[in-house]
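Go ahead and model the full structure; you've got the sequences and the hints to work with.
From first to last, the protein sequence lines stand for chains A and B. Under numbering that gives the first Met the number 0, the first residue of the first sequence is numbered 0, with each subsequent residue one higher. Under numbering that gives the first Met the number 0, the first residue of the second sequence is numbered 0, with each subsequent residue one higher.
No wet-lab data here; the hints were simulated from the structure.
All copies of an identical chain are treated as equivalent in the list; a pair is satisfied when it fits inside any one copy or across any two copies.
Dumping the calculated DSS-like pairs for lysine-lysine here, alpha-carbon to alpha-carbon at most 25 Å:
#, residue 1, residue 2
1, 58, 130
2, 7, 82
3, 7, 35
4, 7, 56
5, 44, 88
6, 88, 35
Chain by chain, the residues run as shown.
There are 2 protein chains.
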Amino acid sequence: MLLKARSKLMMISEHGDERGYLTVIEGNKTIPFEIKRVFYIYGTKEGIRRGFHAHYKTKQALIALSGSCTIHLDNLERKDEIKLDCPTKILILEPNDWHEMYDFSVDCVLLVLASHLYDAEDYIRDYELFKSLHT
Amino acid sequence: MLLKARSKLMMISEHGDERGYLTVIEGNKTIPFEIKRVFYIYGTKEGIRRGFHAHYKTKQALIALSGSCTIHLDNLERKDEIKLDCPTKILILEPNDWHEMYDFSVDCVLLVLASHLYDAEDYIRDYELFKSLHT
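Below, the structure is given as structure tokens:
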């Protein structure tokens, strides 16, 4: 059985002045891993739910830079629904959390910072396999 | 005199399907440096121009994830105006380019990936000093 770390929400400060806003995230400092990969999800169609996987090793930080969306988390001991709706709210997503994303607003830009380069072998896309690994 | 590398625009592919869009940037792969720091600029007020600096060592990748803005570049040999207006257009900004950002649309979210953690000593904020270093 794999160890279960808890995903968690954190708020970071933004630098606001008469020009507008700027928010900074530093690898291994603001968030607990180096940033190897960045991806962003946008133009998501209405009613779409995506994700449906967990990881063996990849940690991620999720931030709604524009608009909002909801993240469903499931580590088999606990299920959570987390709304991301501002650029200073970061969800640190542990590998052992099965996650799904939904309720994307039309203007949602979801930024994801990941601890590893893409590796198809690191995705657990079968919920039954996920359950067998974690129970 | 410092060596002058040229900043350059690159287009990357997006993964589009019936769900919407997802675009990936990997450190030292899609872009020519490791991603140590990420910041994003948003809620920029009308008429604002920001930046006004160059770096000694920090390389950056700039992407307008939402809306648009214009980047003014100046390496003393050449000035450029580059419009960033889509999530697949990346400006690889060399340290030796004095840069200013302006014409932010109300909905602009400008994502910046940087090769170094924040270091106040790495900013050249005086244009005369910048000129003396590069001529």
